[in-house]
Each structure stands twice: as C-alpha cells, then as structure tokens.
Amino acid sequence: MNDLRYYETMLKMRRPEIVIYSDIIDAILKHGTKSQTKIQTSANLEYERMLRLIKKMQKLDFLDEKLHVTERGKSFRKDFEPARKITAEIFAKYWPKPSKENHR
Numbered sequence: 478m479n480d481l482r483y484y485e486t487m488l489k490m491r492r493p494e495i496v497i498y499s500d501i502i503d504a505i506l507k508h509g510t511k512s513q514t515k516i517q518t519s520a521n522l523e524y525e526r527m528l529r530l531i532k533k534m535q536k537l538d539f540l541d542e543k544l545h546v547t548e549r550g551k552s553f554r555k556d557f558e559p560a561r562k563i564t565a566e567i568f569a570k571y572w573p574k575p576s577k578e579n580h581r
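Letter by letter, the sequence shown follows residues 478 to 581 of our numbering.
Because the hints were derived from the structure by calculation, they are not lab data. Any given hint might turn out to be false.
[Claimed, not checked] Per label pair, the in silico range of CB-to-CB distance:
(1) LYS570 <-> THR510: 12 to 22 Å
(2) GLY509 <-> TYR571: 36 to 46 Å
(3) LYS533 <-> PRO573: 26 to 36 Å
A virtual CB, placed ideally from N, CA and C, is assigned to each residue, including glycine.
Taking the hints into account, I'd like the entire structure generated from these sequences.
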C-alpha cells in the first residue's frame, strides 16, 4: 500500500475514490473505530472529506453505523488488494524510485 502512495505523490496523482475506500478500511482494521483522527491520518484525508466518504461507504454497506467494517467491506478489501499490488508493480517498472546514491 505504501508503495502505491509513494507513486501517487511522486506523480501528483489524485487517488481514485475506490482506493480511498480501501485506505479507510485498512485504517479502521488497524486502529479501530474509537479515533476518527487516527483513521483520518492513516488514510491521509482531510476530516470533512473523510466524513463524506464514510457516509458513502455506509450506503455501500462497507461500514456499519458504528464504523465497523462489514463482511461486504472486508470482501471488497480482499478483492481490491491484488489491483493495488499490480498497480504498484507497474509504477515501479516504469517510474523506478530514485536510488539513495542519486541523492548524495
């Protein structure tokens, strides 16, 4: 996941909403639902945007009303993971990260 964020930042790309859904689910699974700030920070979102996307995710039945990840949300995340990995591999092939030697 972090490799994909590196390329999105380096290439100044906007993350598609579907990628952000995956990031929010990851953040909730990692940090739980008690701290929306941790979810926001982990998903790298502005607070208001995070709230809007959470509402959409609840309508899609990815999250319940208490922000717990539903079975549908877990299934989405599992199905989406290979797409993230393939995308990161493509970026790495065509836009390799600069080596540390080039930064000296």
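We went through each hint and held it up to the structure:
1. LYS570 <-> THR510: 12 to 22 Å: 37 Å, violated
2. GLY509 <-> TYR571: 36 to 46 Å: Cβ of GLY509 to Cβ of TYR571: about 37 Å, so the range 36 to 46 Å holds.
3. LYS533 <-> PRO573: 26 to 36 Å: Holds, at about 35 Å.
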